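Listed below are the residues making up each chain.
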Amino acid sequence: MSFLEYRLKAAPTGLRKLWHMDWALLLVITAIAGIGWLMLYSIAGGDFDLWAKPQMVRFGAGFALLIFVALMPIWSWELMAWPAYLVGMLLLLFVEFFGMVGMGAQRWIDLGYIVLQPSELMKVALIMALASYYDWLDDARVSRPLWVFLPILVIIAPTVLVLMQPNLGTSVMLVAVGGAVMLAAGVSLWYFAAVIGGVGGTVFAILFSEGTPWQLLHDYQYRRIHTFLDPAADPLGAGYNIIQAKIALGSGGWSGKGFMQGTQSRLNFLPEKHTDFIFTTYGEEFGYAGAIFLLILYALVLIFCITAAVRNKDRFSQLLIIGVAVNFFLYIAVNLSMVMGMAPVVGVPLPLLSYGGSATLVILIAFGLVQSAIIHRPR
Amino acid sequence: MARNPRNIDEAAARVSRRALLLSGGMVAMFAALGSRMHSLGVTDADQYRLLAEENRVSIRLLPPARGRILDRNGKLVAGNEQNYRVVITKEGARKADGGIDAVLERLCQLIPLTPSDVVAAKTELERQRAFVQVAVAERLSWKDFSKIAINSPSLPGVSPEVGLSRTYPLDHDFSHIIGYVGPVSDKDLEGIDNPDPLLMIPRFQIGKIGTEKWMETSLRGKSGTLSVEVNAVGRVMRELGRKEGIPGADLRLTVDADIQNFVQARLGTESAACVVMDVNNGDLIAAVSSPGFDPNLFVRGISQENYAALLENDHRPLANKVVQGTYPPGSTFKMVTAMAALKAGAVDPETRVTCPGYYESGGRKFHCWRAGGHGTVDLERALTESCDVYFYDIAQRVGIDKIAEMGRSLGLGVKHDLPMSAIAEGNMPDKEWKSRVHKKEWRIGDTINAAIGQGYVLTSPLQLAVMTSRIASGRAVLPRLIKTINEVETPIAPAPPLDLGIDQLQAVHRGMFAVVNGDHGTARASRVADATMLMCGKTGTAQVRNISAAERETGVVKNDNLPWEQRDHALFVGFAPAEAPRYAVAVVVEHGGGGSAVAAPIARDALLAALTGGVPPLTAYPVEQQTRMQSLFEALVLRPPSRPAITKT
Chain L
1348 MSFLEYRLKA APTGLRKLWH MDWALLLVIT AIAGIGWLML YSIAGGDFDL WAKPQMVRFG
1408 AGFALLIFVA LMPIWSWELM AWPAYLVGML LLLFVEFFGM VGMGAQRWID LGYIVLQPSE
1468 LMKVALIMAL ASYYDWLDDA RVSRPLWVFL PILVIIAPTV LVLMQPNLGT SVMLVAVGGA
1528 VMLAAGVSLW YFAAVIGGVG GTVFAILFSE GTPWQLLHDY QYRRIHTFLD PAADPLGAGY
1588 NIIQAKIALG SGGWSGKGFM QGTQSRLNFL PEKHTDFIFT TYGEEFGYAG AIFLLILYAL
1648 VLIFCITAAV RNKDRFSQLL IIGVAVNFFL YIAVNLSMVM GMAPVVGVPL PLLSYGGSAT
1708 LVILIAFGLV QSAIIHRPR
Chain V
-17 MARNPRNIDE AAARVSRRAL LLSGGMVAMF AALGSRMHSL GVTDADQYRL LAEENRVSIR
43 LLPPARGRIL DRNGKLVAGN EQNYRVVITK EGARKADGGI DAVLERLCQL IPLTPSDVVA
103 AKTELERQRA FVQVAVAERL SWKDFSKIAI NSPSLPGVSP EVGLSRTYPL DHDFSHIIGY
163 VGPVSDKDLE GIDNPDPLLM IPRFQIGKIG TEKWMETSLR GKSGTLSVEV NAVGRVMREL
223 GRKEGIPGAD LRLTVDADIQ NFVQARLGTE SAACVVMDVN NGDLIAAVSS PGFDPNLFVR
283 GISQENYAAL LENDHRPLAN KVVQGTYPPG STFKMVTAMA ALKAGAVDPE TRVTCPGYYE
343 SGGRKFHCWR AGGHGTVDLE RALTESCDVY FYDIAQRVGI DKIAEMGRSL GLGVKHDLPM
403 SAIAEGNMPD KEWKSRVHKK EWRIGDTINA AIGQGYVLTS PLQLAVMTSR IASGRAVLPR
463 LIKTINEVET PIAPAPPLDL GIDQLQAVHR GMFAVVNGDH GTARASRVAD ATMLMCGKTG
523 TAQVRNISAA ERETGVVKND NLPWEQRDHA LFVGFAPAEA PRYAVAVVVE HGGGGSAVAA
583 PIARDALLAA LTGGVPPLTA YPVEQQTRMQ SLFEALVLRP PSRPAITKT
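Those protein sequences? They're chains L and V, same order as listed.
Residue numbering for the first sequence follows the numbering used here, beginning at 1348 and increasing consecutively.
Residue numbering for the second sequence follows the numbering used here, beginning at -17 and increasing consecutively.
In short, the hints are calculated from the structure, not lab data.
Accuracy of the hints is not assured; some may be wrong.
[Unchecked claim] Derived, one-sided and incomplete: chain V residues facing chain L with beta-carbon distance under 8 angstroms:
1. -11
2. -10
3. 22
4. 23
5. 24
6. 26
7. 30
8. 33
9. 37
10. 38
11. 41
12. 87
13. 125
As the structure is a prediction and not an experimental result, all values here were calculated from the model.
Every residue, glycine too, gets a C-beta built ideally from N, C-alpha and C.
Produce the complete structure using the sequences and hints provided.
Right, dumping it as structure tokens:
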């Protein structure tokens, strides 16, 4: 392997690895999670045990996993990239046939102790697989059609399975994350221009197909699209959530109504306020200033990651870090544009804030991989 | 495969460039998110803050207590009583073993509930949100109410509550004057441009008829508001603020409840009306329409059979005959004819007319009520003995238009403004009226009929009372029903003097005095013995059927031999004391027979009651009548006389 030839001896060993971790990144992640616990406590009306405590326990477990993943050498993770991808595919097939049905979609496997969402795991596995692929692939071939077609297949396979659940939000994120890794790997920009043109055409086709016998999406997805385009048309039905979310965010004003003082949240006008819509309560109680503060924290995470990717000379590590960063960014972008009424409601949590085990664990594992790449970077 | 370090550096640099490209996209997205947050939380914050407040705050109306209605001495006529009711909520009841059904079943064992009550409550519970209170039973007795309170542990979701509802303690006595309240209907809201939000409260009670209706704005008061914080499903979380409303104004009527009660009892089962009016300020001391009905039935929701019984009764208990009933005034109109002729100078009090028992005009014979005639009569005798021919004659001399003008100036054919329902205008015909309404010319026979209050002339008992008051006082007094609003005296309408000479008025008074007190007076049987309360008056008997020439020849059929609805109306108008008139009275007994026999005794009792403030003393009656009066009064079912005036609480 290329890495072994490249000044392996310079990588730290033993507990010295901890010293080489990016502690600033971990600090910011913990700070964001801390805001999440505060909000879960507030949303539960001052009940610590309802959501805040389980979420802290999960974060603790996830943080331990993060450290474990970080201490493992990055080349061992590269070896596990394809096996992880295969396991992810098997799990997706498993939920397709045996998964739990929740909210109209098959998304979960109940392991008794924890409810697993394979599509979340698949995102990380996909990033690893693609990063490994481009580490293996000769630079000169990156933009050759055959070698572009193969990673597209790797992306499409899990995407189709996730779309069948059906889970539009995660499907879009899988495609976007995969595409971002390909872009970072140096695939010619013409391919992306072609894909964007194709997607634009498809969107047009999807909207045009509504009501025809060859309708491409479920009715509920169309309703969400229409709700997004004109929420006021159905203020008590489909548009209610978005309208109430905007009222909550807007009524917070500059500095918010104060901790635990959000009326929209406390009086239950907000939907899903401890999961996907947690930002609405945060915005209501801490206002514009609070929202910008949170955006800065998120931006710091992304800046630390991109910096780490740029400073790393190992191709797998670079692509992995960029993939994880883009994935993290997509969570934020999709969730926030959703709750602020800029995008359809697609059920994507706000990373590290929303209540939920699967997403938090997967995000922390992904950051474990980033830390491993930082610790074991070639020197 | 192996790579040389130079390739690695190149590849890493390319990844870094692409990473920066991606970062550019991320920065753009963050900028978009930040600016969206800015537009929500800063630019449009005020608008969203308002929307959040609208979400959160719900304004509830606090209905004010309805104003009370009192009699002139402060006796309660219409008030608000505590209404013990039972309400139930779905969220509470379904916690019970067996759920809502079991709770309602247990409730049935405790208080009297009909199966339809239970079904209605269940339907309402289905419809409403879990925390909304649904009324199961209203107007419970204190005993039943306590049973619910004691058994509340076994009745989850059920709570006893106290509300206010309208009550009329003097039930029948004031039913026609004050009317009753009922839940607001769509019909009530019609034609109101900007209705009081109170009217939008389901089952809010408003005046439906009578004073309750016409004084609604004063009685209702102004609503208060309660602002509460509600959650997304509308449950009240806490009270934010309370602004008390203004209770409705208390009204004091001019009517004296004791006298009203006495007159009501005195009219008994007759279909009749009696008005007692203060001749100086127009106060209505009593305004009784008989038979009455119990307005409380309407407040509580009258049953179909009770309502049908009221509608089918041929004595029309729902009609307020005082203002609504119009009758030919008969001979009680003769003062109008006389005063018109006196004022016009067509006759003077000493003018004599010969009555042969009929009056001939245009080849037609108009009969006097006394077939043999009265001989030579002047005004006093014409009134005393009610000679028709005298009035035929003087009416011909003065003409109908002058008579109608006098009638209107005495308040006939005029709609008097009182807060009562269905006030009739009556009819005071003249030539213009007949050509307008009947498209026919006025004929001599019309004048002759009108001269004795028959034909086209129609008057209500109220109008007769106004007429009598004006004759007695010589001033154009107007009737008044509301004495005070919130203890502020309502203005008494100015009563300008009638345009009549004092001697002319006195001539009419003399005639009316002799009607009651003269040896040949038609109402001599109803004279007063007490010299301080002597009565003046005039009897009237109004035909309700035509007497044919054939019947006149074979002898007029006696009233007692006719079916009730064909008998004559008995009328009497009068005032007392004769020396210094204080009260006027008008009595109409529908199909009662003769005015002297039926209406005059009632009028005397009513006047004496008004003058003495209760059941008249027997000493006021002629000695030979005292035993009869005593037994008559003893047979009356009266309320205990009111205590000294109740002060406003």
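Hint by hint, here is what the structure shows:
Using the Cβ-Cβ criterion of 8 angstroms, the hint placing residue -11 of chain V at the interface with chain L is satisfied: the shortest such distance is roughly 7 angstroms. The restraint placing residue -10 of chain V at the interface with chain L holds, with a minimum CB-CB distance near 6 angstroms, inside the 8 angstroms limit. For residue 22 of chain V, the interface hint holds, since its Cβ comes within 8 angstroms of a Cβ in chain L; the closest pair sits about 4 angstroms apart. For residue 23 of chain V, the interface hint holds, since its Cβ comes within 8 angstroms of a Cβ in chain L; the closest pair sits about 4 angstroms apart.
This hint holds: residue 24 of chain V has a C-beta 5 angstroms from the nearest C-beta of chain L, less than the 8 angstroms allowed. With 8 angstroms as the threshold, the beta carbon of residue 26 of chain V comes within range of chain L, its nearest partner Cβ sitting at about 6 angstroms, so the hint holds. For the restraint placing residue 30 of chain V at the interface with chain L, the shortest Cβ-Cβ distance is roughly 3 angstroms, inside the 8 angstroms limit, so the hint holds. Because the smallest distance between the Cβ of residue 33 of chain V and any Cβ of chain L comes to about 5 angstroms, under 8 angstroms, the interface hint for this residue holds.
Checking residue 37 of chain V against chain L: minimum C-beta separation of about 5 angstroms stays under 8 angstroms; hint holds. Hint status for residue 38 of chain V: holds, given a least beta-carbon distance of 5 angstroms to chain L, under 8 angstroms. Hint status for residue 41 of chain V: violated, given a least beta-carbon distance of 16 angstroms to chain L, over 8 angstroms. Below 8 angstroms, beta-carbon pairs count as interface contacts, and residue 87 of chain V has none with chain L, the closest being about 34 angstroms; its hint is therefore violated.
The criterion of a C-beta within 8 angstroms of any C-beta in chain L is not met by residue 125 of chain V, whose closest approach is roughly 42 angstroms, and the hint is violated.
Hint compliance for this structure: hints 11, 12 and 13 are not met, and every other hint is.
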